[in-house]
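Asks: Mapping the sequence shown onto the numbering used here, position 362 (from 1) lands on 362, and the numbers just tick up by one.
If you are wondering where the hints come from, they were derived from the structure by calculation, not from laboratory data. It is possible that some hints are incorrect.
[Unchecked claim] Distance ranges between label pairs, derived from CB positions:
{"no.": "1", "residue 1": "D129", "residue 2": "E50", "range": "55 to 65 Å"}
{"no.": "2", "residue 1": "P209", "residue 2": "F285", "range": "28 to 38 Å"}
{"no.": "3", "residue 1": "G19", "residue 2": "P61", "range": "32 to 42 Å"}
{"no.": "4", "residue 1": "T287", "residue 2": "A368", "range": "53 to 63 Å"}
{"no.": "5", "residue 1": "V140", "residue 2": "L324", "range": "51 to 61 Å"}
{"no.": "6", "residue 1": "K315", "residue 2": "L281", "range": "52 to 62 Å"}
{"no.": "7", "residue 1": "K315", "residue 2": "A117", "range": "11 to 21 Å"}
Keep in mind that this is a model prediction, so the values were computed, not measured. Just so it is clear, CB atoms sit at the ideal spot from N, CA and C, and this is done for glycine as well.
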Amino acid sequence: MHRVLAEQDLAAAAPGATGLELTVVVPTFNEAPNVEELVRRLGDVLGGVEWEVVFVDDDSPDGTADLVRRLARENRRVRVLHRIGRRGLSSACIEGMLSSAAPYLAVMDADLQHDEALLPQMLRVLREDAADLVVGSRYVAEGSVAGWDERRQLISRFATRLSHLVARAPIADPMSGFFMLRRDVLHDAVHRLSAIGFKILLDIMASTPRPLRLRELPYTFRDRRAGESKLDNRAVQDFLLLLLDKAIGRYVPPRFVLFTLVGGLGTFVHLAVLTALFQGLGTSFVTGQAAATLTAMVFNFSVNNVLTYRDQQLKGRAWFTGLLSFILACSVGALANVGVAAQLFAQETNWILSAVAGVIIGAVWNYAATSFYTWRRR
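Build out the structure end to end from the sequences listed, making use of the hints.
Replies: Set out below in structure tokens:
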């Protein structure tokens, strides 16, 4: 069952007599070795500011949440939001920001790669109403990514170019995970946020209903102090899914696009198996067609499970029950496909249009049915 366990010191909501001004949101997963040092550094640079830090932890196996609880008992500026049953940096950041009453909200990583000394300058810009959003940038003058090899820099720059397709304001570093914004900016965008993947800044910029006044401040991206990087193939998939959602999500669900692309690949698998059995091994067409259909369904289910629905991925016993429900749902979709196409063709509709209409009806049914029955959120 999905739930949030929030634990905080009773005084954390109002660290000082003048009222809370800044909340620093830090998403965590297995970041226990870095937490105490980050809190110490925040205390060093935020003197004179009424601030708090909210660690949003996705049930880290290394005990990150328990460590933050211990710190919170000793330091009224520290809070933890312990999430059970779900993962994701962007959604963690959103929940952390919404849990705060502060007028200014900052987001940074726990790995100490972001320069906390930039926070007072960010806050000053917002206080002076010189911007709505202040970004710590690696790609403006004097900013850098010290320690990155050429390959990682090339990938980052390519991702930055892709990000410009959906960002609604000129920005040198839309992939930055280090920024500060006014609360009203979050509230304006929050109902449009995708909460996909790990690029929450890009999500906010692409979701805002009005142009933002943006300021980028340079900093040097440091090496991780401890622990392991969370960037992997899944992070790349999430990034592409976010771009897809911001580009066409208002018209077509990104999952549906992926689902149909996988279905297209399944067609090639079907034809390959049918050719091998019918033409290669000399089986009957019906036998070959049945085997090819079953193989394609297993292929489609397996790929969708790790790609389209990777955040709801089925494992163990659930994989087999999910496969069964997928086959049943898609069998109904196949009947709908044939039925619609036959009906249109009987009404003297062009045979190609009839076939395409059947395919579309079948695809929509398969997507809707499997989303509800196979990969429904539990």
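Asks: Now tell me if each hint is right for this structure.
Replies: Here is how each hint holds up against the structure:
1. D129 - E50: 55 to 65 Å: violated (19 Å)
2. P209 - F285: 28 to 38 Å: violated (56 Å)
3. G19 - P61: 32 to 42 Å: 37 Å Cβ-Cβ, so the 32 to 42 Å window holds.
4. T287 - A368: 53 to 63 Å: violated (31 Å)
5. V140 - L324: 51 to 61 Å: holds (54 Å)
6. K315 - L281: 52 to 62 Å: Violated: the Cβ-Cβ distance is about 34 Å, outside 52 to 62 Å.
7. K315 - A117: 11 to 21 Å: At roughly 43 Å between Cβ atoms, A117 and K315 fall outside 11 to 21 Å, so the hint is violated.
In the structure shown, a violation is registered for the earlier hints numbered 1, 2, 4, 6, 7, in ascending order.
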